Amino acid sequence: MHSVVTGFERLVLGRPRLTLSVILGVCAIFAVFAARFTLDASADSLLLQGDPDLRYYRMMRARYGSDDYLVVTYTVAGDLLADPVLDDVRGLRDRLRDIPGIERVTSLLDVPLVQSPPVTLRQLRESVPTLLSPRTDRALARRELTESALYSQLIMSRDGQTTALLVTLEQDPEYRALVDARDRLYVQASSGPLTAQQRRELHRLKAAIRDRREIQVAAQRQTIHQVRDVLDEHRDCAQLRLGGLPMIVADMLDFILRDVMVFGAAIVVFLVGLLAL
Numbered sequence: 363m364h365s366v367v368t369g370f371e372r373l374v375l376g377r378p379r380l381t382l383s384v385i386l387g388v389c390a391i392f393a394v395f396a397a398r399f400t401l402d403a404s405a406d407s408l409l410l411q412g413d414p415d416l417r418y419y420r421m422m423r424a425r426y427g428s429d430d431y432l433v434v435t436y437t438v439a440g441d442l443l444a445d446p447v448l449d450d451v452r453g454l455r456d457r458l459r460d461i462p463g464i465e466r467v468t469s470l471l472d473v474p475l476v477q478s479p480p481v482t483l484r485q486l487r488e489s490v491p492t493l494l495s496p497r498t499d500r501a502l503a504r505r506e507l508t509e510s511a512l513y514s515q516l517i518m519s520r521d522g523q524t525t526a527l528l529v530t531l532e533q534d535p536e537y538r539a540l541v542d543a544r545d546r547l548y549v550q551a552s553s554g555p556l557t558a559q560q561r562r563e564l565h566r567l568k569a570a571i572r573d574r575r576e577i578q579v580a581a582q583r584q585t586i587h588q589v590r591d592v593l594d595e596h597r598d599c600a601q602l603r604l605g606g607l608p609m610i611v612a613d614m615l616d617f618i619l620r621d622v623m624v625f626g627a628a629i630v631v632f633l634v635g636l637l638a639l
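All the letters of the sequence shown, read from the start, carry residue numbers 363 to 639 under our numbering.
For the record, the hints were derived by calculation from the structure and aren't laboratory data.
These figures come from a predicted structure and were not determined experimentally.
Incorrect hints may appear among the rest.
[To be verified] Pairwise CB distance ranges (calculated):
#1 577 - 505: 41 to 49 Å
#2 465 - 514: 19 to 27 Å
#3 557 - 456: 49 to 57 Å
#4 598 - 537: 35 to 43 Å
#5 496 - 465: 24 to 32 Å
Just so it is clear, CB atoms sit at the ideal spot from N, CA and C, and this is done for glycine as well.
Using the sequences and the accompanying hints, generate a full structural model.
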């Protein structure tokens, strides 16, 4: 043990200039390739290739639509259906709709109300009543939103003080087409070996998916940052919270990148300080 410590002091601590030069050289090499460093939090990186649960999830997603959406909860201390509150909800909804990357925003102002008062099918064909329709009874609307099997605990809480806005993000059809083409080759590979041309195509699809995913994640992160900026403008009127899978992925990537930078810098400072002693 003593010989190891002595050798370390002689080879490393005894030559601080050379050691610092080597450390700086290694850091420079890492810095050159740092631009290629990416974090992937997609299902492909978290699950095994050919995982049956992943295959089932993709089948359900293709059948019923994407799960790329955010949920904004809006809570007030008073009456949620009061005119000033509804005006603020409408302003929030319209501001969110204007953000690039958002396909649509659904709120309690947009859902059809068929029991406030009750309407016939013929009336529904002419116009679909909503909370802002002139004939809508606010008391009946509150009961429908809080007690109906369709809306209760989804659009409005039972205490009538919290509502949710569903923010659907725009889809990338090119990315979806690339993933579908790759998955078809995966299915063929599970039943038999691929030809040389199919292997080259699979390699090309993987590279294209990786590049497209990086663009998609960067765009979604920017969209989420803009959503948070809009929410901050309305926090004086209500208590707002943001949730959703894209937000979790974006925050997780931000946390990991921040930790990598902090711990990387701390290690460099520690080594430099150790050699300076």
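*Against the structure shown, which of the earlier numbered hints fail to hold, in ascending order?*
Hint check: nothing fails, all pass.
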